[in-house]
Amino acid sequence: MTRRAVPVLLALALAACNAEAYDNNDAELAVRQKAKEMCSCLFVMELTEQECAAWTRVSPNVARATIDRQNKRVHAVALGFWAADARFDGRHGCVHD
Amino acid sequence: MQRLILSCCTVASLLAAREAAAACPAGVTWPAADWPEALASGPTVAATDEFLFTLTGRDEDREGLRTDGVVIVHRGRIIYERYARGYARHNRHLSWSVSKSFLNAMVGVGVGRGALTVDDSICDHYDADTELCDITVGDLLDWASGLYWNEGYEDDPYYLSSVIAMLYGVGSGDMAAFVTAQGLVDAPGTIYRYSSGDSVLLSAVLAGALGPGLADDYPWEFIFDPIGMTSAMFERDQAGTYVGSSYVYATPRDLARFGYLFLRDGCWDGEQLVPEGWVAASTQPNPSFQMGKSYEHFLRDGDAVPGRHWWLNLPVPDLAHERRWPAAPPDTFAGLGHWGQTIFVVPSADLVLVRTADDRESGVFDQNRYLELALALAAEDSP
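If you're matching them up, the sequences are chains A and B in order. Using the UniProt record's numbering, the first residue of the first sequence is number 1, and each one after it goes up by one. Using the UniProt record's numbering, the first residue of the second sequence is number 1, and each one after it goes up by one.
In short, the hints are calculated from the structure, not lab data. Here a beta-carbon is modelled for each residue, glycine too, at the ideal position from N, C-alpha and C. It is possible that some hints are incorrect.
[Stated by the list, open to error] Chain B regions said to be covered by chain A (calculated; three or more residues, Cβ under 8 angstroms): (1) 120–129; (2) 154–161; (3) 169–176; (4) 263–273.
Required output: the full structure, derived from the provided sequences and hints.
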């Protein structure tokens with residue numbers, strides 16, 4: 001983990017402590033959004049990886065996607081700790097694993 | 001008593017709509033495998049191109065108006081079609097909340113088949129806590145369940161947004177269960193509050209009403225296959241519930257088929273696919289909105305009048321509010337989605353407009369000007 005990631009992690013941890021909030025932090029939301037929407041963009045909308053990177057960019061843009069084209073799956077990670085997966089399921093598009 | 005009044009209103013509006021509805025129209029053009037074309041070449045074409053496809057901000061920063069595709073259908077023929085920003089005719093596009101209007105149609109077919117009625121309690125078809133059993137199918141169609149909901153998107157803190165928690169967070173495994181767990185904050189049927197949660201719960205209620213034999217196939221059996229939407233995909237959550245709030249994908253040409261179904265009052269190629277009267281009942285101001293207690297939500301969330309999972313071009317006299325799209329006739333109605341997705345239906349002009357887009361900046365797209373140009377294109381279309 002890089003030093004640059006520390007303030008981001010602190011901010012995310014603070015956000016997660018908000019008593020009125022849903023029990024998610026931004027990094028967790030970011031990886032789940034990245035995995036699912038990157039999967040849908042690539043395998044449902046059939047855009048390029050570059051176009052899908054732009055389509056799925058959010059703030060904070062902490063999630064990185066790994067694409068398995070053969071099995072039509074996307075794995076997303078953030079800050080070396082949070083991770084999520086999504087897979088293509090034919091006419092039902094993409095769904096989280 | 002309040003529930004009784006709403007129930008009577010619902011029945012009365014459906015009956016009135018049924019009387020007003022005509023049989024399937026004869027002598028109209030239907031798209032077969034593909035749309036007939038009569039592409040416009042008049043003086044409005046260049047102005048339409050310039051308006052829709054001129055980037056008005058820094059594209060790399062996702063600023064300004066960013067149209068991906070437009071299909072305009074007049075009298076059953078495509079008169080205008082353009083794509084941009086890497087999209088082509090074959091690309092499906094996420095419709096976001098236009099999906100809600102698809103769900104309306106699917107519920108309509110379910111009602112027509114006798115699987116459920118708009119006055120059914122959700123508990124007739126979905127395993128909810130008894131305190132939620134006053135919520136009806138009609139309440140969900142009206143976004144008036146009374147369940148707590150914060151429909152915030154990118155401009156709000158993510159951790160407070162119910163819809164983001166539902167799509168990507170703690171609610172994403174079983175979205176309908178997440179929605180019902182929000183708890184009641186108003187009596188069902190009394191307050192209109194735009195809610196993707198109500199729409200997802202409605203998807204689950206519909207699936208329950210249809211039973212396991214149809215729960216997977218109903219989008220295709222009811223709507224996509226009969227109208228030839230071969231590109232359609234509809235995503236589900238991990239529990240298998242269709243995300244009826246957000247996740248229908250299709251090409252603009254296929255989205256236009258859906259608009260055309262509603263333009264033709266639920267008929268397709270001579271067959272009454274969506275029950276007679278359903279389109280008319282869905283394109284009236286919804287009863288909870290008419291009760292007048294929820295104008296704050298109307299003014300905050302946008303200023304098109306809510307029908308039943310459709311948006312209407314009607315004035316609101318109590319607020320001295322004019323029609324949302326003054327350039328368009330008052331019978332215009334629309335499915336509207338995040339980032340500029342739109343299906344407009346203009347029955348009196350025999351017109352359907354589909355726009356897919358990636359407008360990340362809110363308010364950049366002048367829908368009224370778009371309708372004005374489309375109506376001009378239609379007027380130039382030779383008979």
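Q.
Hint compliance check: list the failing hint numbers for this structure, sorted ascending.
A. 1, 4
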